[in-house]
Amino acid sequence: MNLAQRFYLREVLSGLGLTAGHFFRNMGRHIAHSLGRRDARGAVTIQYPEERRPLAPRLRSLHRLVRREDGSPRCVACMMCETVCPARCIYIVADEHPNPEIEKVPSRFDIDLGKCVFCGYCVEACPEDAIRMDTGILEFSSFSRGGMIYTKEALLALEPAGPDGRPASPVPIPADRRP
Amino acid sequence: MPKLTIDGKEIEVAPGTNLIEAARQLGIEIPHYCYHPGLSIAGQCRLCMVDIEKAPRPTIACNTQAADGMVVATQTERVKETQRSIMEFHLINHPLDCPVCDQAGECWLQIYYMKYGLYDPRMVDEKVHKPKAVPLGPHVMLDAERCILCSRCVRFCDEITGTGELGIFHRGDQSEIGLFPGRDLENKYSGNVVDICPVGALTDRDFRFQVRVWYLDTAKSICPGCARGCNIDVHVNRRRPHHAGGKRVARLKPRFNAEVNKWWLCDEGRYGYGFVDDASRVTTPVWRSEPVPWDTAIAEVTRALGRHAPDAVGVVASPKMPNEDLMAVRRLAEALGTRQVGFKVPPRTPGDQDDLLIRADKNPNTRAAELIGLDGDVAGILTAARSGRIKALWVFGHDLFDSAWLESDVTLALGALETLIFTGTNAGRTSALAHLVLPATAWVERDGTFTNWEGRVQRFRPAVEPLGEALPEWDIVGRVLGMLGHAASATRAEHWFVDLAANVEAFRGMTYQSIGETGRMTQ
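Protein sequences, first through last, are from chains A and B. Numbering that gives the first Met the number 0 applies: residue 0 is where the first sequence begins, and numbers increase by one. Numbering that gives the first Met the number 0 applies: residue 0 is where the second sequence begins, and numbers increase by one.
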């Protein structure tokens, strides 16, 4: 570091300047906005959650299980996703399907989102296109670790995000927050 | 002895050896589906093609006996092209349902496609559809679509069991494996057709959809189901505890031993492991219905045994216990000075026997218990208990109610005891009456050796961790011996085997190393 950097005060002032610059710019815009300039954006800040940053179509969001026409899961419990999952957060238990052409069906399909790293390998590995990460849902939380485990029923109920990237399904309520 | 050359390497083989076996001896793999060393030669799959010098076209290796001066090539372009074409033929009507197929991961179509196939498929027509998920018997499920008609299962039922339930029906691409009318695949060896099926056509109903095979670990072991001592591999699921309902032992598979079971295993042995993960397992020492730490339990055992005159203490060992543990029991009896030691409890129903594998004696280690000298009169011990001459009894493994004896006699005998100690894997009616219950490990949870009916000493290895606080019987007995003031330095089963090999004539000179993979005969 040179002397000017080591002097410290200069860097502090430049940082304060940046913050203050944003503050006054936002304040000016807010005043203009409230004085009737409706076309002026209120602030450079995105007003989450009313306002949302546009999501890239390839973004990996909360998983969902794809349904067949009759509403049963498309998943055949082949364990490819469970096998490839680097976080080991998928728990599948296989069962016999009454139709021998389908043969195999998951009786349990849990994803522990507390462990998931959102790598998308499960989607990649699935030979049946039965799991996708296109719900657009990014906000899921829980007060306990157990609440982060999403079951087959919860994952089957989810819909893909709309064309604007907005989630079409409500955020699933974790088990520990259900009334 | 014919001397031939395969891929430039010379080898001399026994007369009558075919080219697949000759190449195997050189470490050269010739792919095959229908050939099995334990069955007759069918020549159905045509995959084992090799080039033989002066022969006009590739020849099947399975049905060609090695001849003197033969020059065989397995890697020529012509052979590779033939193998590729035959793989394409086999897979024409094979469904691409590997994800739901239980064989995936140990399927020879998958393995050989990656090694010898890798062609671009030219099949454009609809595949032929056949019945799926058809139960053939209590243990075997058929998927006719996946079958490549190698006929191994048909030959097994014709040649090995002689029951002949299976056949190939219809013609051409409509051919399928099936049962003869009115038959069920319910012979005592039906599980073997699953092992020899190279594809996913025959799968195990017991194992079906329980665990994917790539999650399994394996350990070499010995079947404890009867006195034959068939060599097996224990497949355990330790990586995915939520699969198979938490059962750790997923399946037993036969392991080749030319002297004992060859390639086979009976169904009773194959499906006889259920007790290992059963809810009735004892997992913690219990003293007067209260769980106690091991130290307390051992102290109580020592107190109960030491309180009485030597011959007021009885020990009933079990022929299901390994050699090491039986030796420990003998040392215990010597330390206590009691002669009231026995192990033979007559079964309620006499065991069945055949001339293939199954032995009437359903215990894996009766021979060793006799050789080690534990063969006393158990009925006499019970009579002595009833008349009060025996005050403390230590029962290993047996449920004495599950025997040919009258229930009332056993109840009276056990009821008259001052102390009944039970050591075993699972709770039963004897353990319910016991004052002390000491949990023992199942055979898959520990190291040890069994001596089969012929006197062949064979080693088994641990496949899973002991359940709960269970200990091997040699360890329990060793701790009691230590409390009784005897130098019990054994910290491994092998130490007891050293004692056994040094002091029992039949086992003299044996070590775990000299037993090896195929076992060693007692003298």
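Careful: at least some of the hints might be erroneous.
Said to hold, decoys possible - Okay, derived cross-link-like pairs now, DMTMM-like style, lysine to aspartate or glutamate, Cα gap no bigger than 25 angstroms in a straight line:
1) B:Lys126 / A:Glu95
2) A:Lys114 / A:Glu95
3) B:Lys261 / B:Asp157
4) B:Lys187 / B:Asp232
5) B:Lys126 / A:Glu100
6) B:Lys261 / B:Asp294
7) B:Lys131 / A:Asp109
8) B:Lys131 / A:Asp94
9) B:Lys131 / B:Glu105
10) B:Lys114 / B:Asp183
11) B:Lys131 / A:Asp111
12) A:Lys151 / B:Asp96
13) B:Lys246 / A:Asp109
14) B:Lys131 / A:Glu95
15) B:Lys126 / A:Asp128
16) B:Lys246 / B:Glu406
17) B:Lys131 / A:Glu138
18) B:Lys246 / A:Asp128
19) B:Lys343 / B:Asp294
20) B:Lys219 / B:Asp401
21) B:Lys131 / A:Asp128
22) B:Lys187 / B:Glu453
23) B:Lys126 / A:Glu127
24) B:Lys246 / A:Glu127
25) B:Lys131 / B:Glu76
26) B:Lys219 / B:Asp157
27) A:Lys151 / A:Glu138
28) B:Lys390 / B:Asp401
29) B:Lys246 / A:Glu138
If you're looking for bench data, these hints aren't it; they were derived computationally from the structure.
Checklist entry - Is it true that the CA of Lys131 (chain B) sits at most 25 angstroms from the CA of Glu138 (chain A)? => result violated, 44 angstroms
Checklist entry - Within a Cα-Cα threshold of 25 angstroms, do Lys219 (chain B) and Asp157 (chain B) meet the stated pairing? => result violated, 29 angstroms
Checklist entry - Taking only the CA atoms, is the gap from Lys131 (chain B) to Glu105 (chain B) under or equal to 25 angstroms? => result holds, 20 angstroms
Checklist entry - Within 25 angstroms, alpha carbon to alpha carbon, are Lys246 (chain B) and Glu127 (chain A)? => result violated, 28 angstroms
Checklist entry - Taken at face value, is the distance from the CA of Glu138 (chain A) to the CA of Lys246 (chain B) at most 25 angstroms? => result violated, 37 angstroms
Next on the checklist: With the threshold set at 25 angstroms, check whether the alpha-carbon distance from Lys131 (chain B) to Asp111 (chain A) stays at or below it.
Outcome noted: Violated, at about 34 angstroms.
Item to check | Straight-line alpha-carbon gap Lys246 (chain B) to Asp109 (chain A), limit 25 angstroms | outcome: holds, 19 angstroms
Next on the checklist: Can you confirm whether the C-alpha distance between Lys261 (chain B) and Asp294 (chain B) stays at or below 25 angstroms?
Outcome noted: violated, 45 angstroms
Checklist entry - Given the proposed pairing of Lys187 (chain B) with Asp232 (chain B), does the C-alpha separation stay at or below 25 angstroms? => result Answer holds: Lys187 (chain B) to Asp232 (chain B) is near 19 angstroms, not above 25 angstroms.
Next on the checklist: For Lys131 (chain B) and Glu95 (chain A), compute the direct alpha-carbon distance and say whether it is at most 25 angstroms.
Outcome noted: holds, 12 angstroms
Next on the checklist: Hint check: Lys187 (chain B) vs Glu453 (chain B), CA-CA at most 25 angstroms. Holds or violated?
Outcome noted: holds, 22 angstroms
Next on the checklist: What's the verdict on Lys151 (chain A) and Asp96 (chain B), does the C-alpha distance respect the 25 angstroms limit or exceed it?
Outcome noted: holds, 23 angstroms
Of the hints listed earlier, those the structure fails to meet are numbers 2, 6, 7, 10, 11, 16, 17, 18, 19, 20, 24, 25, 26 and 29, in rising order.
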